[in-house]
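Engineer: Make the full structure from the sequences, and use the hints.
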Amino acid sequence: MSNITTTSPLQRLLATSAGWAPLALRIPIGIVFVAHGAQKLFGAFGGYGLEGTGQFMASLGLSPGYLMALLAGSAEFIGGLALLLGLLVRPAAAALAVTMLVAIATVHLDKGLFMANNGYEFALALLAAAVSLLISGAGNASVDATLARRAD
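Here the sequence shown stands for residues 52 to 203, where the numbers follow this note's numbering.
Bear in mind the hints are in silico, worked out from the structure with no lab data behind them.
A couple of the hints might just be wrong.
Taking CB as the label site, the calculated pair distances span [claimed, not checked]:
hint, residue 1, residue 2, range
1, 192, 107, 32 to 38 Å
2, 70, 179, 16 to 22 Å
3, 94, 152, 21 to 27 Å
Values in this document were obtained by computation on a predicted structure and should not be read as measured data.
Just so it is clear, CB atoms sit at the ideal spot from N, CA and C, and this is done for glycine as well.
Structural biologist: Structural data, given as structure tokens:
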């Protein structure tokens, strides 16, 4: 008889051995993403809402602009909430990483690195945090870890 244990795809998705470190990324990065998503979706915090953000995205060639704004805003808002809760962190981090790659490529890359010129440094930092969470998982202080322990 083998000692190999089988794990379900859900168990592999939720599993993490990263300890407490991801919490230090999840909370501030989750707050930032929720706020940016709320700007796009609801016009909160001085944002332009779906209509204004959609027009901006269409001007960049991302069309239909309204749908692209809805997708980006939803990824940021819902993904940020997922990071805060530590729930389905890997899929949320993957969606956020793709969103940041698109933002870098379409909005910031041609403006250089620095934020003072609307460059990509902030989006790059958010991308790095999302990729880190994609690799590590949610860590101990998370709904994912609790669900993974229950699944064992």
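Engineer: Compare the structure with each hint and give your call.
Structural biologist: Here's how the hints hold up against the structure:
A beta carbon spacing of about 36 Å between residue 192 and residue 107 agrees with the range 32 to 38 Å that was offered as a hint. Remark: the range hint 16 to 22 Å for residue 70 to residue 179 is upheld by a beta-carbon distance near 19 Å. In this structure the supplied range 21 to 27 Å holds for residue 94 paired with residue 152, their Cβ-Cβ distance being about 25 Å.
Checked against the numbered hints above, the structure violates none of them.
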